[in-house]
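Listed here are the chains, written in short residue letters.
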Amino acid sequence: MISHDEPWQWHAETHADRTVVSLAGELDVSSADELRGLLSDTIRATAVVAVDLSALTFIDSTALSVLIWAHQEAAHAGGSLTVHNPTGHVRRVLDVTGVLPLLGPDDEPGTVRAVAP
Amino acid sequence: MVDGTDADEDASSTSPAITYGDPLLTARITADRVTELRHKVAAVAAAVGLTGTKLEDFVLAVHELVANVVRHGGGFGELLLHRYQDRVTCRVSDHGRGMNTAVPELPRPDRPGNRGLWLAQHLLASDLVLHSTPHGLTATVSITITPSEAAK
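So the sequence lines, in the order shown, correspond to chains H and W. Counting in the working numbering, the final residue of the first sequence is number 104, and the numbers go up one at a time with none missing. Counting in the working numbering, the final residue of the second sequence is number 154, and the numbers go up one at a time with none missing.
What the hints contain is simulated information worked out from the structure, not anything from laboratory work. Model, not experiment: these values are computed from the prediction. Among the hints, a few may not be true.
Estimated spans, in silico, between C-beta atoms of each pair [as the list claims (entries may be wrong)]:
(1) H:R31 x W:T146: 44 to 50 angstroms
(2) H:V83 x W:Y86: 24 to 30 angstroms
(3) W:G54 x H:A32: 38 to 44 angstroms
(4) H:R31 x W:T142: 42 to 48 angstroms
(5) W:T135 x H:S27: 18 to 24 angstroms
(6) W:D88 x H:T1: 49 to 55 angstroms
(7) H:P92 x W:F78: 40 to 46 angstroms
(8) H:D20 x W:T148: 34 to 40 angstroms
(9) H:V83 x W:T103: 28 to 34 angstroms
(10) W:N116 x H:P92: 24 to 30 angstroms
Reference listing, derived: stretches of chain H covered by chain W, where coverage requires no fewer than 3 residues with Cβ under 8 angstroms from a Cβ of chain W [unchecked claim]:
(11) 14 to 20
(12) 38 to 50
(13) 53 to 67
(14) 75 to 82
In this text, a Cβ means the ideal position worked out from N, Cα and C, and glycines have one as well.
Let the sequences and hints guide you as you build the complete structure.
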């Protein structure tokens, strides 16, 4: 349930070659540090990370910066971090700021390709 | 959407009296109220007729100004949302040291940071006014309520 205290939720599924992190609810400046910690830990476990945004309803510039930062972190770790299935206003924000080509997957939605070392 | 317990002052539940130039919402900005304030602004803006992308854009623009207060404007400020005829305006002021530049350019896609004011300006087609003094920054965004949101 969405409340003032927990406006966002996450769920992670770790596979042999990658981790899928699903984000839901609203991500803003208040949750940026937690998001950074979550993605940082995830990248440390498996450097290939797919972030599913299909249940995310709000993102602000600070949370967006965390995704961009995590994208760089994964690349430095020899892997990749991509975002998948942004919808509604979240997609609009990614679009208008021009970061969707950077963060989106190279191929069709739902597939993740590792960066060659 | 919001099922918190402190919705007592939520203007959406009391159907704000919309009279000429009356404030729709006044609130003190603190770091721990950013998300709650956004929900209130969304409820009030929806109550006066903003819908769809226009509503979401306005809410994000106001949120970015509020986040700017918390991150760069000394941490505290005031928010005033009011309506004048078919314009809804939100003024956000802080007590920081002001800004010495205009709205920053959009950073390259791979650079984290510095998109808040840019978003506030570009989502609302440049209806962002900044007034900076050594005693703080006042930022104002406004949007027109149109009878049908079909026309963009």
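Inset, instruction - State, for the Cβ atoms of D20 of chain H and T148 of chain W, whether the hinted interval 34 to 40 angstroms holds or is violated. - result: holds (39 angstroms)
For the range 24 to 30 angstroms, tell me whether the beta carbons of N116 of chain W and P92 of chain H fit it or not. Holds - the Cβ-Cβ distance for N116 of chain W and P92 of chain H, about 26 angstroms, lies within 24 to 30 angstroms.
Can you tell me whether the CB distance of V83 of chain H to T103 of chain W sits inside 28 to 34 angstroms?
Cβ of V83 of chain H to Cβ of T103 of chain W: about 21 angstroms, so the range 28 to 34 angstroms is violated.
Verify the CB-CB distance for R31 of chain H and T146 of chain W against the hinted window 44 to 50 angstroms. Since R31 of chain H and T146 of chain W have Cβ atoms about 48 angstroms apart, the given range 44 to 50 angstroms holds.
Next on the checklist: Quick check: does the Cβ-Cβ distance between V83 of chain H and Y86 of chain W fall within 24 to 30 angstroms?
Outcome noted: holds (27 angstroms)
Query raised in the report: Is it true that the C-beta distance of P92 of chain H to F78 of chain W lies inside 40 to 46 angstroms, as the hint says?
Result: Between P92 of chain H and F78 of chain W, where Cβ atoms are some 41 angstroms apart, the hint holds.
Tell me if the beta carbons of R31 of chain H and T142 of chain W are separated by a distance inside 42 to 48 angstroms. holds (43 angstroms)
| said: Just to make sure I understand the rule, a stretch counts as covered if three or more of its residues have a C-beta closer than 8 angstroms to a C-beta of the chain. Does the segment 75 to 82 of chain H meet that for chain W? | reply: holds (count 4)
- request: Could you check the hint for me, namely that T135 of chain W and S27 of chain H are 18 to 24 angstroms apart, CB to CB?
  value: violated (39 angstroms)
Next item on the list: Return holds or violated for the Cβ distance of G54 of chain W and A32 of chain H against the range 38 to 44 angstroms.
Entry: Because 40 angstroms falls inside the window, the suggested range holds.
Range hint 49 to 55 angstroms (beta carbons of D88 of chain W and T1 of chain H) holds or violated: Since the Cβ atoms of D88 of chain W and T1 of chain H sit about 52 angstroms apart, the hinted range of 49 to 55 angstroms holds.
Margin query: At least three residues with a C-beta closer than 8 angstroms to a C-beta of chain W: is that true for the segment 14 to 20 of chain H?
Written below: With 3 residues in contact (Cβ-Cβ under 8 angstroms with chain W), the coverage given for the segment 14 to 20 of chain H holds.
Violation of the numbered hints given earlier is confined to hints 5 and 9; the remaining hints are satisfied by the structure.
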